[in-house]
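Chains A and B, in that order, give the protein sequences.
Residue 1 is where the first sequence starts when you use my numbering, and the numbers rise one by one after that.
Residue 1001 is where the second sequence starts when you use my numbering, and the numbers rise one by one after that.
Some clues are possibly wrong.
[Unchecked claim] In silico DSSO-like pairs for lysine-lysine, Cα to Cα no more than 30 Å straight-line:
hint, chain 1, residue 1, chain 2, residue 2
1, A, 638, B, 1217
2, A, 25, B, 1039
3, A, 479, A, 16
4, B, 1058, B, 1039
5, A, 479, A, 96
6, A, 768, A, 638
[Claimed, not checked] Some, not all, of what chain B presents toward chain A, calculated at C-beta under 8 Å:
hint, residue
7, 1001
8, 1003
9, 1017
10, 1179
11, 1180
12, 1243
13, 1244
14, 1245
15, 1252
16, 1255
17, 1271
If you are wondering where the hints come from, they were derived from the structure by calculation, not from laboratory data.
Every residue, glycine too, gets a C-beta built ideally from N, C-alpha and C.
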Amino acid sequence: MTEKLFRHIGKPVERKEDARLVTGKGRFSDDFRLAGQAHAAIVRSPHPHARIRGIETAEALSSPGVLLVLTGRDCLDDGLEPIPHNPVPSTKYDMKLTAPGGGVPFIGPHHLLPDDKVRHVGEAVAIVVAETQAQALDGAERVLVDYEILPHVIHSEDAIAAGAPAVWDEVPENAFVDTRFGDWKGTERAFEQATHVVSAKFHVNRVTAVPLEPRSALASFDVETGRYVLYAGSGGAVRQKRELSSVLGIDPSRLRVLSYDVGGNFGARNRVYVEFGLVLWASQKLGRPVKYTATRSEAFLTDYQGRDLVTTVELALDEDGRFLALRADNISNVGARCVSLSPLSKGSGLITGSYDIPVAALRARAVFTNTMCTQAYRSSGRPEVTYAIERLIEIAARRLGFDPLELRLRNLVPPEAMPYRNAVGSIYDSGEYEKNMDRALVIADWAGFEARRQAAAERGKLLGRGFANYVESSIGTPKERAEITVKPDGTIEVVIGTQPSGQGHETSFAQVVAEMLDAPVENVTIVLGDTDVVSVGGGSHSGRSMRHAGTVMAMASADLVAEARRRAAELFDAPEEDVSFEGGRLVLPGTNHAVDLFELARLTERDHGPLFAARTNEMHTPVFPNGAAACEVEIDPKTGLVEITRYASVDDVGRCINPLIVHGQTHGGIAQGVGQAMWEECHVEPSSGQPVSGSFMDYGMPRSDNMPSFICEIAEVISPTNPLGIKAGGEGGTTPALAVVTNAVIDALRDTGVEDLPMPLTPLTVWKAIRHGAGHTDEDTRTTS
Amino acid sequence: MYELRYRRPADLAEAASLFEAAEDPAYISGGHTLLPTLKGRLAAPDALIDLRRLPELKGIRREGDRLVVGAGEVHRDVAASPDVREALPALAGLAGSIGDVHVRNHGTIGGSVANNDPAADYPAAVLGLGAVVRTNRREIAADDYFQGLFTTALEEGEIVVALSFPTGAECGYAKFRNPASRYAMAAVFVARFADAVRVAVTGAGNDGVFRWTAAEKALATSFSPEALADLSVAEADMIDDLHGSAEYRRHLVSVIAERAVANMGRAVVTP
Ligand SMILES: Cc1cc2nc3c(=O)[nH]c(=O)nc-3n(C[C@H](O)[C@H](O)[C@H](O)COP(=O)(O)OP(=O)(O)OC[C@H]3O[C@@H](n4cnc5c(N)ncnc54)[C@H](O)[C@@H]3O)c2cc1C
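One chain only, chain A, in its complex shape (with noise of 0.2 Å):
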């Protein structure tokens, strides 16, 4: 009999994952092996666009252990299709991203290998089967690529300026979307009147996911069944499997993708990667197993990257501070060809930021250069806007007299205007975001810091202090699944089509079902990444999985208490509407009928089948987490250095189910949103279009020793969007972490009159500007009066 102990949401349940985890019983994608795998290796472009003269195979061929070489010309002779990316993202709520001219943009095809031409250094343009991993290596030196070597163009700005070198014929201009938003001629005209206006233009610095594990992949093809099995840790199964069946042309009935334990995601992994199609489509010419695990190199050179925004913003004002209007010129980098348009497009959205501007205009730009596909990464599109408004926001405080706080506090979104429609049409659905940002300000001692900054020059440092405010969406594929069963051993099995990589789904999403099902938290396991089990999944992004899972879960579980009752009664031989579900029993009340829910599976089973219930929901309404973040920089002039001394944050997550995993989310979301501020850039040197920072001799990362203990709170204003009242919790502490970082570091420069600097704030950069002073932003101010 089950007892009702506690209610499980809102509980800090500690994650029943990790033990499995630190133990190494994870299911990582490598752990897996196959009798007879064959590995493979591949041969990637040295140059960042070259023309494929022709690949010679012949030796590679001949070399020990080799079994198979394929090239791009062998993939169009098999009639492989590009990988289906569906970059421009399509819910109701997201923006319209166009051509220029309007249509639908060309994407520039994925095929898993290129016929011809390369368009990044890093590209596969070939892939070695042998029968170890060093003879697939020895295969793959031996192919022989002849290039014609191409001008190549890396930043996007060069990338339109006229005369650059086409990535793709068919966009000779390389700017493939090109959209207009929001109310220009009203923006004139509010510009026209301002007292002020205060431009600004930043570069979101490009960086890669890095994580832990790096991707691999392991397909299997049964000659007898004619079905594909590929191992492969991503964001979601589900999309691999849809993706991939469509690459190789087969019935997605064909393809099986398991996808366990995945150690770090970010992003990186949702989209399709070249290699898991090629191990497919090997492992079938084989009739063997074929195995891919990236090395570190390849992970640097080849995960999708991310951010990479050159922003423009303009800023109208009165002379009160009031704002008036807000202009942007946006221009996505998303590499040689787009896999995804989603920072681009939920960008697009927030330019507003956390307040309420009345106009707003917005050009929206994505560009192809010769780099590495840029994709969604932790918090897609949103730091890059909040970086730009709540840094545009200071260098107007700063040049015009105001103070930065002052001027935030008359202009935010104020809860009476909620659900409030921001300018370019996103629809906040709640939020107290004055509450945040006073609340952020108190905990970060505020208050204190004049006392700690004269400390801290009396030992020659600077102390700077930095703010930002933030909202963001969170919108997401719309469409989960959850299936639930009971089962008469006492466990309670879920299956939920999203992926977690490190988030604590089968401890959070075992509270909700737990708690529905009144159920202890321990008897319920979920069951994932098995395409054969879970058929239906959006996978793991743009915060929806606890909203998207939660609200299914807690629809299945219902229509599951629903079931019980019906069987319950039959049981019981009472009409239906009067037994009732108490402490995770049906009773009928003024008897002594009772029964929990497993006997009742174990007595039903036998002519109902097992107690099961499975719900598919659909949910467009994109919900809005936002909140406030500061933080405090020691900087020793001397030598450039920037310390993080303080850094507080409270984030809405609207309803919170788990906040020990949140607080957990929030940190590494902090530290991942610093490192970008502080140290991390794929850094591509322009003249030759080489990747520098391709390991961690020069890809700087946020480590445990560099970051100060966080001071963090959980604000839950409940979203009226969705039942459990939940927004997200896994993006608040990287989204505003760019800005407050910046902030604070040109906040402690402010006696060398530098007002801007760009990412990544390393030694150098900050040395370099109190030495020469450098560091204003092209734009200027305008003042009438």
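Using the hints provided, position chain B with the ligand relative to the given structure of chain A.
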């Protein structure tokens, strides 16, 4: 990694003869420099001869006014050695500041000195103290030993057996780490002898570790951070890369040298 044979000789003589016998051999100690190179297929030796367990390369001991550290000693053991901590606390601090725990548990002083990475720590101590590099063939003075990036006086097949440090100096080591790799971006080892001062700089020079003789002279006259105030190394000799321009490194060398002088008797590391 390319295919190769792994050999584990029992003693120094066998190591040397295995080297002679192979076509394109390489010694391996901690492997923390060599293994990444092999995995990246940037080197293709046909035989790897493991020096880690050679008895001749083990031990940390005092020999009169010298401190002798076996080439096979790992960074962790040098950092923790009571003899090193007593005789040359800055050297112990330096060893304890190398890389991370894994690196310190595997990397050896001999491997580091044989490799002579321009950003490595030990070369600064060896050159700064004017140590003697003992090999299986001879003794080499530090001033003759370091010969530029990844280049030393070692001949083909020659094995570093031990490092012999003078103990008559008071020393200080200061390091500013590269924010990505955490190797030295500029690090300075200062050794103050009764009759002279030696200053060695690592991480910054485009020819590897070097002695900063102008600083030595100034400090010999007046041993204080202020004595370095007007001195700087030549910008043209500095490494210029993503993490530090030559101008920045030139400046860092001065700042970090002052910190070493101000912190004699220990190692100070930022960040
Ligand atoms: C992540 C990481 C961080 C690191 N950070 C630092 C750092 O901050 N500072 C620093 O100084 N170093 C750092 N290192 C390097 C580390 O200290 C190396 O281990 C060391 O430099 C080489 O020592 P080893 O014993 O590992 O040599 P190995 O890698 O085994 O060998 C290096 C070279 O020396 C040769 N060799 C080795 N032993 C001998 C010998 N006795 N005689 C002759 N030749 C020999 C080998 O043939 C090879 O060419 C780091 C390494 C890593 C992987």
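Status of each hint after checking the structure:
1. A C-alpha spacing of about 24 Å is found between residue 638 of chain A and residue 1217 of chain B, which places the hinted pair at or below 30 Å, so the restraint holds.
2. With a CA separation close to 27 Å, the supplied pair residue 25 of chain A and residue 1039 of chain B stays within the 30 Å bound.
3. A distance of roughly 26 Å separates the Cα atoms of residue 479 of chain A and residue 16 of chain A; the hinted pair therefore holds under the 30 Å criterion.
4. This hinted pair checks out: residue 1058 of chain B and residue 1039 of chain B have alpha carbons roughly 27 Å apart, not beyond 30 Å.
5. Restraint check for residue 479 of chain A and residue 96 of chain A: the C-alpha separation of about 20 Å stays at or below 30 Å, so the hint holds.
6. A distance of roughly 11 Å separates the Cα atoms of residue 768 of chain A and residue 638 of chain A; the hinted pair therefore holds under the 30 Å criterion.
7. With 8 Å as the threshold, the beta carbon of residue 1001 of chain B comes within range of chain A, its nearest partner Cβ sitting at about 7 Å, so the hint holds.
8. Checking residue 1003 of chain B against chain A by beta carbon gives a least distance of about 6 Å; that is within 8 Å, so the hint holds.
9. Among the interface hints, the one on residue 1017 of chain B is violated; its C-beta lies about 28 Å from the nearest C-beta in chain A, farther than the 8 Å criterion.
10. Checking residue 1179 of chain B against chain A: minimum C-beta separation of about 5 Å stays under 8 Å; hint holds.
11. Given the 8 Å rule on beta carbons, the hint for residue 1180 of chain B holds: about 4 Å separates it from the nearest Cβ of chain A.
12. Residue-level restraint check for residue 1243 of chain B holds (minimum Cβ-Cβ distance to chain A is 6 Å; threshold 8 Å).
13. For residue 1244 of chain B, the suggested interface contact is upheld, since its CB lies about 5 Å from the closest CB of chain A, less than 8 Å.
14. Because the smallest distance between the Cβ of residue 1245 of chain B and any Cβ of chain A comes to about 7 Å, under 8 Å, the interface hint for this residue holds.
15. The restraint placing residue 1252 of chain B at the interface with chain A holds, with a minimum CB-CB distance near 6 Å, inside the 8 Å limit.
16. The beta carbon of residue 1255 of chain B comes within 5 Å of a beta carbon in chain A, closer than 8 Å, and the hint placing it at the interface holds.
17. Because the smallest distance between the Cβ of residue 1271 of chain B and any Cβ of chain A comes to about 6 Å, under 8 Å, the interface hint for this residue holds.
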